[in-house]
Amino acid sequence: MTQKHLVEISGLSKSYGDVVALDDVSISIKENEFFALLGPSGCGKTTLLRVIAGFEEPDSGAVLLGGENLLSLPPHKRPINLMFQSYALFPHMSVERNVAYGLEREKLPKDEIRSRVKEVLATVGLMDKARTRPAQLSGGQRQRVALARAIVKRPQLLLLDEPLSALDRKVRAEMQLELKRLQHEVGITFVVVTHDQEEAMSMADRIAVMSLGRVQQVDTPVGMYQRPANVFVADFIGTSNMFEGVAVAGGVDVTSFGFLPAQDPTPAVTGAAYLMVRPEDVRIVDDGGLLTGTVLETQFFGGASTIAVQVAGHLAPVVLTCQGTANVQRGASVQLSWLADKAVMLAR
Amino acid sequence: MASTVAQGRGADKRRALGARTAFLGPGLLYVTAFMTIPILLVVSYAFLTRGRFGGVEFPVTLENFVRALDPIYLRVLWNSIFIASATTLLALLIGYPTAYAITRLPVRWRTVALVLVVLPFWTNFLIRTYAWIVLLNSQGPVNKTLESLGLIDAPLELLYTRGAVIAGLLYAYLPLMILPVYASIERLDRSLLEAATNLGASKFWSFITVTLPLTLPGTMIGAIFVFVPSLGNFIVPELLGGGKTVMVGNLIRDQFLKARDWPFGAVLALVMVLFLAGLFAVQAIVARRINGRGARA
Chain B
1 MTQKHLVEIS
11 GLSKSYGDVV
21 ALDDVSISIK
31 ENEFFALLGP
41 SGCGKTTLLR
51 VIAGFEEPDS
61 GAVLLGGENL
71 LSLPPHKRPI
81 NLMFQSYALF
91 PHMSVERNVA
101 YGLEREKLPK
111 DEIRSRVKEV
121 LATVGLMDKA
131 RTRPAQLSGG
141 QRQRVALARA
151 IVKRPQLLLL
161 DEPLSALDRK
171 VRAEMQLELK
181 RLQHEVGITF
191 VVVTHDQEEA
201 MSMADRIAVM
211 SLGRVQQVDT
221 PVGMYQRPAN
231 VFVADFIGTS
241 NMFEGVAVAG
251 GVDVTSFGFL
261 PAQDPTPAVT
271 GAAYLMVRPE
281 DVRIVDDGGL
291 LTGTVLETQF
301 FGGASTIAVQ
311 VAGHLAPVVL
321 TCQGTANVQR
331 GASVQLSWLA
341 DKAVMLAR
Chain V
1 MASTVAQGRG
11 ADKRRALGAR
21 TAFLGPGLLY
31 VTAFMTIPIL
41 LVVSYAFLTR
51 GRFGGVEFPV
61 TLENFVRALD
71 PIYLRVLWNS
81 IFIASATTLL
91 ALLIGYPTAY
101 AITRLPVRWR
111 TVALVLVVLP
121 FWTNFLIRTY
131 AWIVLLNSQG
141 PVNKTLESLG
151 LIDAPLELLY
161 TRGAVIAGLL
171 YAYLPLMILP
181 VYASIERLDR
191 SLLEAATNLG
201 ASKFWSFITV
211 TLPLTLPGTM
221 IGAIFVFVPS
231 LGNFIVPELL
241 GGGKTVMVGN
251 LIRDQFLKAR
261 DWPFGAVLAL
271 VMVLFLAGLF
281 AVQAIVARRI
291 NGRGARA
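Quick note, the sequences are listed as chains B and V, same order. Going by my numbering, the first sequence opens with residue 1, and the numbers climb by one from there. Going by my numbering, the second sequence opens with residue 1, and the numbers climb by one from there.
Hints were generated in silico from the structure; no laboratory data involved. If you're wondering where the values come from, they're calculated on a predicted model, not measured in any experiment. C-beta: ideal position from N, C-alpha, C; glycine also. Any given hint could be a false lead.
To be verified - Non-contacting residues of chain B with respect to chain V, defined by C-beta distances greater than 10 Å in every case (computed):
#1 Thr46
#2 Ser60
#3 Lys77
#4 Ser86
#5 Leu89
#6 Gly102
#7 Arg114
#8 Met127
#9 Glu162
#10 Val254
Said to hold, decoys possible - Subject to a maximum C-alpha distance of 25 Å in a straight line, what follows is the list of computed DSS-like cross-link-like pairs (lysine-lysine):
#11 B:Lys110 - V:Lys203
#12 B:Lys118 - B:Lys129
#13 B:Lys118 - B:Lys107
#14 B:Lys129 - B:Lys77
#15 B:Lys107 - V:Lys203
#16 B:Lys77 - V:Lys203
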């Protein structure tokens, strides 16, 4: 049985004068899913978030939440909460008053508000900061308050706008795990907007990659990495080696080296095409390699190494990764190969 | 090695201090010369005896302070506080919505609106106040208009009333309310209002719970900017109050220029300064609390 769709976005368009922010965007988000909207700045992901929250009105299209028309509800009546990129904590209120704010607007009994605030502060580990003002908290703590303030309302959908961008690297890694743990714990559907592909890959169940207001691909992180739908996605997600040529059966006829093998895509790609292969799928072989080149440099990253190989007739060096240290010297001549089913053919 | 670094840092600090003094210097000198010295003079006059032809003489006395507690003077002080408070309240009721409306204009029109707000300052204050005499007198445009509309039979006595004084002060100082309030609403992070909306607050509630408290420090600055010059003003009460409405500003001026009682004038001036210093202190405390620095909720 397929999971029920909680959010159905269809044909959403929005432009500001000549600038198209959303161009016929359609996405379905499942219940209890951790969904990421990924793309470079200006791709329309934040506009999409703001349309769902009700801060922007689309020119056309529909958004359904649990089958009901969301766009007809005023923003303060939508069962959706948003965690702002800047957190937008009220500076004149203590942590507990910030968290209680949304519940007070629901006119819940005081006892219930108190117990729910306490509970959610325990969930995010800020019990001892209840009476502190936001100005006296660290960045990570502020982020927890913003999260607590959003989830205490028990929304059907939680939107997070670049939730980790204001944190330093180490705290960010911790919060990535924490967000995922929380999402399981509270059982709310999360939609995260991010420009950081690693963040999206590590947290999300599914990702929608956007560019120029259009959805480029919606897939799981693994699916998107292994089978990017187009050159933009292949380039945006992870590192890739691209070879330009013409599609033929079982590979791409690359102008400078002739035939290179790749998996036949469905639907078939014809005419001008790229062959894309990930660094970890490229291997150094003793003989019978597809390409021959000279080692340009090697970089050691602890667990793995990256080797850049200059191949005659190809502008960018071919990059490959291997476990442990690289067993080749700079300037050495090497042969490179990959399995046909690891290379992807993309229309140009 | 370490000591050279420390020395280098010391020199840096000295240089920074030097640069700061160079920038602060002129302003500091000006304020010291023309603010601190007169206040010190006023303080010392307050404890001295009145000279026969003005000026001050020994011995030192506290009599001037006792005299300030005379009901006649307390009534003048109270009257002044009432007029200044009424002016401030009206300025707040008119100025806040005006400032709020200006922040909601498109950027280009905001500038136009702000220029219009300060436009009256381009004309001399006395001339503008005289214009009010023309407006309010029994044959003036206000009475004429009301008569021609049939709203009144005989001209109203508008001029030389407390109302006229308040109207004149309000007119003079309203921009001083609008500008700081505008600045504080403009500075308000709009994502805070969106957060309030997202958490379920209606427009009205997000105004009450977010906009109003966060613009309170700016509003208090505006209130002080209106209250302080209103309280000390002696031109408007004289021109529009017809000398009937004595405010503390008139009283102080008269002590120095007419009654030649400098020590008593100094006492009254000192009372005003302390009163206003107290207002600024309250504003500073409120601003600190609202922004959550120092104080706990």
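Status of the hints after comparison with the structure:
1. At roughly 12 Å, the least C-beta separation between B:Thr46 and chain V is larger than 10 Å, which holds for a residue marked as non-interface.
2. Even its closest Cβ contact with chain V, about 23 Å, leaves B:Ser60 beyond 10 Å, as expected for a residue assigned away from the interface.
3. At roughly 8 Å from the closest C-beta of chain V, the C-beta of B:Lys77 falls inside 10 Å, breaking its exclusion from the interface.
4. With a least beta-carbon separation of about 6 Å from chain V, B:Ser86 fails to lie farther than 10 Å from that chain, contradicting its non-interface assignment.
5. Remark: the non-interface label on B:Leu89 conflicts with the geometry, its nearest Cβ contact in chain V lying 8 Å away (cut-off 10 Å).
6. Under the 10 Å C-beta cut-off, the non-interface status given to B:Gly102 relative to chain V is violated; the minimum distance is some 4 Å.
7. Non-interface call for B:Arg114 relative to chain V: holds, since the shortest CB-CB distance, roughly 15 Å, exceeds 10 Å.
8. Once the 10 Å rule is applied to beta carbons, B:Met127 is consistent with being away from chain V; the minimum gap is 16 Å.
9. B:Glu162, annotated as away from the interface, keeps every beta carbon of chain V farther than 10 Å; the closest lies near 12 Å.
10. For B:Val254, the non-interface assignment is confirmed: its Cβ lies about 50 Å from the closest Cβ of chain V, beyond the 10 Å cut-off.
11. Note on B:Lys110 and V:Lys203: the hinted pairing holds, with a Cα-Cα distance of about 23 Å set against a maximum of 25 Å.
12. In summary, the hint linking B:Lys118 to B:Lys129 is supported, as the alpha carbons are separated by about 11 Å, within the 25 Å threshold.
13. For the suggested pair B:Lys118 and B:Lys107, the alpha carbons sit about 17 Å apart, so the restraint of at most 25 Å is met.
14. Between B:Lys129 and B:Lys77 the alpha-carbon distance is near 29 Å, which puts this suggested pair outside the 25 Å criterion.
15. Between B:Lys107 and V:Lys203 the CA atoms are separated by roughly 16 Å; this keeps the pair inside 25 Å, and the hint holds.
16. Among the hinted pairs, B:Lys77 with V:Lys203 is consistent with the structure: their alpha-carbon atoms are about 12 Å apart, no more than 25 Å.
Consistency note: the structure conflicts with the earlier hints numbered 3, 4, 5, 6 and 14.
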